[in-house]
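Asker: With the hints as your guide, set chain B onto chain C.
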Amino acid sequence: MHVSSRQFKDNARKAVTDDNLRQSLATMKTGFRARRGEAVAALPEFEALREAGRAMKNHTLENLDHYLERFEAKVIESGGHVHWAPDAEAARRAVLGICRAHGAKLVTKGKSMVTEEIELNAFLEKNDIESVETDLGEYIIQLRQEQPSHIIAPAIHVRKSEVADLFREHHAGLPADRPLDEPRALLDEARAVLRERFLSADVGITGANMLVAETGSTVIVTNEGNGDLTQLLPRVHVVVTSIDKVVPTLEDAATVLRLLARSATGQPMATYTTLATGPRREGDPDGPAHFHVVLVDNGRSALLDSPYREVLRCIRCAACINHCPIYGAVGGHAYGSVYPGPIGSVLTPALSSLEDAGSLPNASTLCGRCEAVCPMKIPLPRMLRQWREEEVHRSLTPESARRIMTAWSFAARHPGVYRLGTSLAGRALRFLGGRRGSLRRVPLAGEWTRVRDLPAPEPGEPFMARYKRKKKP
Amino acid sequence: MSSRPRDTILAGIRAALKRPTDPEDISTDAVDDRLRSRAAQVVPAIARGTRSELVNRFIANAETAGAAVTRTAPDGMADAVVAVLGESAVSGRVAVAADPRLDSVEASDRLTVERRGTPSGDDVIAVGHAMAGLAETGTLLMASGPDSPSSLNVLSDTHVIVVRTSDIVGGLEDGWDRLRQSCPDGMLPRTVHLITGPSRTGDIEQTIQIGAHGPRQLHVILLDDDADVGGI
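From first to last, the protein sequence lines are chains C and B. Start counting the first sequence at 1; every next residue gets the next number (UniProt numbering). Start counting the second sequence at 1; every next residue gets the next number (UniProt numbering).
Chain B on its own, in the form it takes in the complex:
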């Protein structure tokens, strides 16, 4: 790879911005400050509230976006997954992320798990665990990692995402904070998905069709593990 095109572009930008010719005279303080401070800009009121307000808003917004939300106690997770899948729990091909928090799903005798980990193109049901849920828009934050394949989020027909009330946060900024806490070396996971409802398209005569290339259905299983939020 030649470095010349890079120099051409950067020199063009510097000339257009009328930068001093001596690099010593160029200050990057404003850039350094912005990258260091990571200051939140305008945070809308819908991204703020008490814990229980945020959880309720998360549910309402996820449903508006077309997701079906089931709220249950943590030990009811496997039953809730079986319930939302209905008959396809046994007949469908189910792929479950390797995340140990999902072990009880595999242990259930009312559900046939095809594999743990990366789905094949034929697995029609995928079960994963979210890092966080954003109340602002009813969005699920999924981060790739050894226990969390990212293709699980888009390859299936039916996507089941488990999220805990203790992981429901206000807005995007709170989501970024969670993400940064999860990677102390400062390098984000390879793929971070913010998922809001099932896939859709309006490309044929602006008629919204749910279920485009990604999942046709999105089920959210919300586990009540946060005493501050209060029960169902």
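Pulled out of the complex, with its shape left as it was, chain C reads as follows:
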């Protein structure tokens, strides 16, 4: 996984002054957040479902080896093949092997974060296989040669006028003066262009929202219908997915389905929930003749024995991203990872390294909204703190920051020192504030005072003294 999170601070600085991005991100509040709120309020059992989802997934992870074996056996029984990929390279090789075996030249793709994680498109192109994204948002960012900036709305950072320019540039053979001002016109054009690709593709690649151990089914949850055209029309359907997606039974899948769309887009149910089990059967008039599942680990099994195990409960709904004030300010690209937002800040250091992604766990105010909206009750703030602690223990934070933390921790453990310190600091700030009663600049807080003054503390009895006095009878 390519990670450029070391540039987070620079990226974030650029992002907050980008007006286009500001306008795009502003749509999240009226869009995703408002709709989720309404959908959750309309279902009295939502909290019970979250609890059931959490318990179900904990049980599944505790028995992950068994459930994966059961899933595999069912896929084989229904005529499909399972490929196990310990890392990204193995996953890419497995997909390429399948494509080569079928002489594929053109691949259509449904939306899949795992294929973004393993950077499948670039690899296939390098091996002379054209790979076309068919989800509208993914199609847009593929033409722009970008990473997704959001896990369910990959092109959320792109304005419609930019999409129009992009289509004029890439869709040759259409009248240059055609009107492309409305989203409708853009969508219709993309639909027509991609329709031809759906019908001529040799292999269709999708991800999976779930794998059902009971039946050997892979489940995708979509709205556009592109995932279905991708998997039904070509001769070969390849599902690229990760080992944490397995659930025991269809009843357990129901729990996830009731949580997923509500948390993501605020729909009670997405337009298409599609269960794919093996290849087409004898007598079936359509459907793929070959069915392959590529099970990707890529660092996940190691998480089972770590403080981050619970992140494997994630169902990729993006509620944490939609509710994160940091994501809302800087957008997805600033994170430098295909997984942005709170979930990305926990997942990215685990899937790459803390050295590469250390700024991400720090890109959080720990306000707790992500955990409050997470349908699987993942304690994201706790994990973000955990990464920060690990950073300090492994001496990855700047020396100056560590010194300050050491001094702070000493003071916090010694109340006398703490009180003496605050009393001295209070006096110093009052002195520096002078008659204005505020400070234009404070040592070590230059960034903070760059855009505002710091009011000096009011003279008078300190809190602790007052507290002690009041406590006395």
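Be careful, since some hints might not be right.
Stated by the list, open to error - Not close to chain C: a few residues of chain B, all C-beta gaps over 12 Å, as computed: (1) Thr50; (2) Asn56; (3) Val69; (4) Asp75; (5) Ser91; (6) Asp177; (7) Asp203.
To be verified - Examples of chain C residues toward chain B, derived with CB under 8 Å: (8) Ala153; (9) Asp202; (10) Leu232; (11) Pro307.
Simulated from the structure, these hints should not be mistaken for laboratory data. Every residue, glycine too, gets a C-beta built ideally from N, C-alpha and C.
Answerer: Here is chain B on its own, set in the frame of chain C:
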């Protein structure tokens, strides 16, 4: 296909879960129980009710999701299909699933059926029959099979789905039961679609557009074949 990557992953998981080294000591009872019992978890109240409550809820939820619902007597099926298609009944290219329950649609002289079975990329209207309807969310359950091509569900511009009131059930769990009853060998049909409204996208500036890659319109023809539910 080498089995080594498989062993690597499973061994990694077992080590992380601190499984005993002797396979004899590993119990799979909890897994077996869960797979055997298929116990329902939290079933919301919207997935329960009397027969007529469920039918009414199915209609309301399907309409909220953007489907148009026409309720009619079973012998009014062909007329209802013609009515919802309007002028395109004759001028449009219509593909109808081979399901014999849809024969009267082909027999109608007010409708031109291009083919029975798998649609081509040029057929703009598709007519299929649902296995069940879920009241919980207004969802149609479509199962692939010799009489029921799955590409029919996503390839057309206008999708017409026929469903019977006797097949309207409460929630997802009831849908799964129907599905399991339909495949006694325990192997699900290749493709099971749960369809809720016409296709859509919000990928351009979060403006919801109905009609993305799949059908732009979804018509549900609800046939009143269940005496317990009561008429229209």
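Asker: Holds or violated: is there a CB of chain B closer than 8 Å to the CB of Asp202 of chain C?
Answerer: violated, 16 Å
Asker: Taking the closest pair, is the beta carbon of Asn56 of chain B still more than 12 Å from chain C?
Answerer: holds, 16 Å
Asker: Going by Cβ atoms, does Asp203 of chain B stay more than 12 Å from chain C at every point?
Answerer: violated, 4 Å
Asker: Hey, is Asp75 of chain B genuinely clear of chain C, shortest beta carbon separation above 12 Å?
Answerer: holds, 27 Å
Asker: Just to be careful: measuring from the Cβ of Pro307 of chain C to every Cβ in chain B, is the smallest value less than 8 Å?
Answerer: violated, 13 Å
Asker: For Ser91 of chain B, which was marked as not at the interface, is the minimum beta-carbon distance to chain C over 12 Å?
Answerer: holds, 20 Å
Asker: Is it the case that Asp177 of chain B keeps its Cβ farther than 12 Å from each residue Cβ in chain C?
Answerer: violated, 9 Å
Asker: Under 8 Å, Cβ to Cβ, is where Leu232 of chain C needs to be relative to chain B, so tell me if that hint holds or is violated.
Answerer: Status holds, d = 5 Å.
Asker: Minimum Cβ distance from Ala153 of chain C to chain B below 8 Å?
Answerer: holds, 6 Å
Asker: Regarding the assertion that Thr50 of chain B does not contact chain C, is the least Cβ-Cβ distance greater than 12 Å?
Answerer: Its Cβ never comes within 12 Å of chain C, the nearest being 19 Å, so this holds.
Asker: Just want to verify: Val69 of chain B was marked as not at the interface with chain C; is every Cβ pair farther apart than 12 Å?
Answerer: Holds, since 16 Å exceeds 12 Å.
Comparing the model with each earlier hint shows violations of hints 6, 7, 9 and 11; every other hint is respected.
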